[in-house]
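Student: Residue 284 in full-length UniProt numbering sits at position 284 of the sequence shown, and the numbers go up by one each step.
Careful: at least some of the hints might be erroneous.
With a straight-line Cα cutoff of 20 Å, these simulated DMTMM-like cross-link-like pairs (lysine to aspartate or glutamate) come out [what the hints assert, rightly or not]: (1) Lys71 <-> Glu194; (2) Lys71 <-> Asp87; (3) Lys71 <-> Glu171; (4) Lys204 <-> Glu186; (5) Lys2 <-> Glu194; (6) Lys204 <-> Asp165; (7) Lys190 <-> Glu7; (8) Lys73 <-> Asp165; (9) Lys190 <-> Glu171; (10) Lys204 <-> Glu269.
Keep in mind the hints are simulated off the structure, nothing from the lab.
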Amino acid sequence: MKAIEIEGLSFQYRNQEAGYALEDVSLNVEEGEFLGIVGETGAGKTTLLSAMSGVIPHHTNGEKEGVVHVKGKPVEEYASLYEMAVDVSLVLDSPENQLFNLHVFDEIIWGPENLGLDREEILDRGNRALELFGLEGFEDRITYNLSGGEKQKVAIASIYALNPDIVLLDEPTSQLDPIGTEMVFEAIDKLIEEGVTIVMVEHKIEEMAKYADRIAVLQDGSLRRVDETCSFFLEGDAHGIAPPQVTELGQRLREAGVDDVAVPLTLNESIDEYTRLLQRRGIK
């Protein structure tokens, strides 16, 4: 069974004067996959996540065509966003908008408490989230005194405590520095290890190239291309999405006639490949 199935999805917001935010989008997300979604501002990325999470149509109204299935069930058949949160949860770009409690542990267990779970299960989920995301010792920390990366890790940990099969992330590192960004991607990597399906909108291509299984590009509300990450950046039209800098360097070396270089996607790959390249030329 697919984690998410979208067929012929079009959506126009109420009071939107002209055009669709999404137009005839069809896309499947496999269970356990990390799908990255890229595109310019206004391309429809957040709207697509809203449709996947059930925000459309349960919260945001407009003219909708097509179908969205989550774990084989049409989103309209869920009674509410509250019910959907058990299967699919959304992490926003600003963690401040998702933190409701004063202390970290209270924040992490807030979702399971609202699900009405018994106390032992709530505490087990909270402690597991602390351990998984490296937040031991943070239990009594004040959430609003945390760094940006720490806040986003807590937000992701609180989503994990709900035990959803699918996590959607809408530019979760947009307000973070490189250290905070790395903290968030390390947290996401933990989710991947747990078998959680990830769909992530993100502008930081280097990180997407490192972690994502496939890349989808949206342009003017339409899905232009979906491909495995390696093929997306190394083969065919990337529709204006610049590759990672280390990849671009490899491509330029190839264009300059350096045929024995393997074009890398990640920083670690580039260090290994460019070190070998220099060694083959007798440069240490």
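Student: Hint by hint, note whether the structure agrees.
Tutor: Tested hints:
no.: 1; hint: Lys71 <-> Glu194; verdict: 17 Å, holds
no.: 2; hint: Lys71 <-> Asp87; verdict: 8 Å, holds
no.: 3; hint: Lys71 <-> Glu171; verdict: 23 Å, violated
no.: 4; hint: Lys204 <-> Glu186; verdict: 14 Å, holds
no.: 5; hint: Lys2 <-> Glu194; verdict: 17 Å, holds
no.: 6; hint: Lys204 <-> Asp165; verdict: 24 Å, violated
no.: 7; hint: Lys190 <-> Glu7; verdict: 30 Å, violated
no.: 8; hint: Lys73 <-> Asp165; verdict: 14 Å, holds
no.: 9; hint: Lys190 <-> Glu171; verdict: 18 Å, holds
no.: 10; hint: Lys204 <-> Glu269; verdict: 18 Å, holds
Consistency note: the structure conflicts with the earlier hints numbered 3, 6 and 7.
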